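**Student:** Now for the letters of each chain:
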Amino acid sequence: MELNALRILIVDDSPAMRAYVRRTVQLASLPVDSVFEAGNGEEALAIVNRENREPNKLDLIFADLNMPVMDGEQFVQRLREDERDAKVPVLIISTDATQRRVMRLRELGAQGYISKPCQPEMIRLKVQQILGEAV
Amino acid sequence: MTEQLLHRDELMAAEMVGAARDVLNVMFFTDILEEGEECACPQPFPIQVRVTFTGDQSGEFRLAVDDLAAGSLAGSFLGTDPVAGPNEVEVEQVMGELGNMICGAFLSRFEKEGLFALSSPEVIRPAIGEIPGIHRGLELMDGFMDLRVCWGTIPG
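For the record, the sequence lines run as chains A and B. For the first sequence, position 93 matches number 93 in the working numbering, and the numbering has no gaps at all. For the second sequence, position 34 matches number 34 in the working numbering, and the numbering has no gaps at all.
Pulled out of the complex, with its shape left as it was, chain A reads as follows (with noise of 0.2 Å):
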């Protein structure tokens, strides 16, 4: 089966955790394309919006939830209200896993959750849970 390389956006402001999710994705052996980071949700506001753009559409966007200027909710929101961008797949992976939190993220309309501590092995079965087992 051919793989698709993958265009991904990451979303944390923590950059040691950007590093950390990047270097995990590679360490997977999923195809990528190409990484983008943002610092918060404004900042991945914009790049989606230069470069979810067909033919070359955003594949996934892996968030945190406690950011400054725009958090991870908000992010996720805005992100719903655009019928373009609607459709990107949004896996959040944060601290904080209360059961109210997951719900409400659920609610918004996140595709998958990953509470950290997580493991490698985490990241890529949620992804391939997300994107189907072409990847």
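Calculated directly from the structure, the hints in this document are not laboratory data. Here the structure is a predicted model, which is why all the values come from computation and not from measurement. Fair warning: there could be bad hints in the mix.
What the hints assert, rightly or not - Listed next, with one range per pair, are the computed distances between beta-carbon atoms:
hint: 1; chain 1: B; residue 1: P132; chain 2: A; residue 2: M103; range: 56 to 66 Å
hint: 2; chain 1: B; residue 1: S119; chain 2: A; residue 2: Q128; range: 31 to 41 Å
hint: 3; chain 1: B; residue 1: E34; chain 2: A; residue 2: R50; range: 46 to 56 Å
hint: 4; chain 1: B; residue 1: S119; chain 2: A; residue 2: V35; range: 25 to 35 Å
hint: 5; chain 1: A; residue 1: V35; chain 2: B; residue 2: L68; range: 50 to 60 Å
hint: 6; chain 1: A; residue 1: E83; chain 2: B; residue 2: P126; range: 29 to 39 Å
hint: 7; chain 1: B; residue 1: V26; chain 2: A; residue 2: S29; range: 33 to 43 Å
hint: 8; chain 1: B; residue 1: A117; chain 2: A; residue 2: A46; range: 40 to 50 Å
hint: 9; chain 1: A; residue 1: Q99; chain 2: B; residue 2: L68; range: 36 to 46 Å
hint: 10; chain 1: A; residue 1: Q129; chain 2: B; residue 2: G152; range: 22 to 32 Å
hint: 11; chain 1: A; residue 1: E83; chain 2: B; residue 2: E37; range: 17 to 27 Å
hint: 12; chain 1: B; residue 1: G36; chain 2: A; residue 2: E83; range: 51 to 61 Å
hint: 13; chain 1: A; residue 1: E51; chain 2: B; residue 2: S120; range: 39 to 49 Å
hint: 14; chain 1: B; residue 1: T54; chain 2: A; residue 2: Q99; range: 30 to 40 Å
Stated by the list, open to error - To be clear about the criterion: a stretch of chain A counts as covered by chain B if any three or more of its residues have a C-beta under 8 Å from a C-beta of chain B, and this derived list gives those stretches:
hint: 15; stretch: 5 to 16
hint: 16; stretch: 76 to 90
hint: 17; stretch: 108 to 120
Unchecked claim - A short list of chain B residues far from chain A (calculated; beta carbon distances all over 12 Å):
hint: 18; residue: H7
hint: 19; residue: D22
hint: 20; residue: A105
hint: 21; residue: G143
For each residue, glycine too, the CB sits at the ideal point set by N, CA and C.
Chain A is already provided as a structure; the job is to place chain B on it using the hints.
**Tutor:** Just chain B now, kept in the frame of chain A:
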């Protein structure tokens, strides 16, 4: 009442150490060798991370660590060249993320039904004063770490 408070404190300390162990095992490939109310490390610590939380409960979490542990943990997390090691900025960024993860994991374990917002971690060099509340000192495979959490407003 006092017994209940003591029980709650012990439970909180156990969850805090449990959260730290999870984070260290899963994302830093290391473990806690010893834990106790006192830390064998000479004080003050060179690096401290402060994270405040608000929501259903509010308070403050602090993590302090020595240089050896900080460098080793940052190297494991980032997968840097073991000879060159991480630079000072990378070490501070990883320690900030470590404080954020342990604080978040602790709150998720201790207040499962709660809803919290965590501040961005503040890295302080060298460590400033201590806060009242629950405290545990940890001996790691490379160095020492100190964890503290205070529920409510920090006095003064």
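**Student:** Each of the hints needs a verdict: does it hold here or not?
**Tutor:** Now for the hints, and whether the structure bears them out:
Range check, P132 (chain B) to M103 (chain A): Cβ separation about 34 Å, and the 56 to 66 Å hint is violated. Evaluation of the 31 to 41 Å hint for S119 (chain B) and Q128 (chain A) yields a pass: the beta carbon distance comes to about 34 Å. A beta carbon spacing of about 51 Å between E34 (chain B) and R50 (chain A) agrees with the range 46 to 56 Å that was offered as a hint. Checked against the hint of 25 to 35 Å, the pair S119 (chain B) and V35 (chain A) passes, with Cβ atoms roughly 27 Å apart.
At roughly 32 Å, the beta-carbon separation of V35 (chain A) and L68 (chain B) lies outside the given 50 to 60 Å, and the hint is violated. For E83 (chain A) and P126 (chain B), the hinted distance range of 29 to 39 Å is not satisfied, since their beta carbons lie about 52 Å from each other. About 20 Å separates the C-beta atoms of V26 (chain B) and S29 (chain A), a value inconsistent with the hinted range of 33 to 43 Å. Between A117 (chain B) and A46 (chain A) the beta carbon distance is about 23 Å. The supplied range of 40 to 50 Å is therefore violated.
With their beta carbons about 38 Å apart, Q99 (chain A) and L68 (chain B) fall inside the hinted range of 36 to 46 Å. One distance hint, 22 to 32 Å for the beta-carbon pair Q129 (chain A) and G152 (chain B), is violated here, with the actual separation near 40 Å. The given range of 17 to 27 Å is broken by E83 (chain A) and E37 (chain B), whose C-beta atoms sit roughly 57 Å from each other. Separated by about 57 Å at the C-beta atoms, G36 (chain B) and E83 (chain A) satisfy the suggested range of 51 to 61 Å.
At roughly 26 Å, the beta-carbon separation of E51 (chain A) and S120 (chain B) lies outside the given 39 to 49 Å, and the hint is violated. T54 (chain B) and Q99 (chain A) have their C-beta atoms about 19 Å apart, which leaves the hinted 30 to 40 Å range violated. Here the stretch 5 to 16 of chain A counts 4 residues with a CB under 8 Å from a CB of chain B, which clears the bar of 3, and the coverage holds. Look at the stretch 76 to 90 of chain A against chain B: 0 of its residues bring a Cβ nearer than 8 Å to a Cβ of that chain, fewer than three, so the hint is violated.
Against chain B, the stretch 108 to 120 of chain A contributes 5 residues with a C-beta closer than 8 Å to a partner C-beta. That satisfies the three-residue criterion, and the hint holds. The Cβ of H7 (chain B) lies farther than 12 Å from every Cβ of chain A, with a closest approach of about 22 Å, so its non-interface assignment holds. D22 (chain B), annotated as away from the interface, has a beta carbon of chain A within 12 Å; the closest lies near 5 Å. Look at A105 (chain B): its CB is around 6 Å from the nearest CB on chain A, not clear of 12 Å, so calling it non-interface is violated.
The non-interface label for G143 (chain B) is consistent with chain A: the shortest C-beta to C-beta separation is roughly 18 Å, beyond 12 Å.
Figure legend: structure checked against the earlier numbered hints; hints not met, in rising order: 1, 5, 6, 7, 8, 10, 11, 13, 14, 16, 19, 20.
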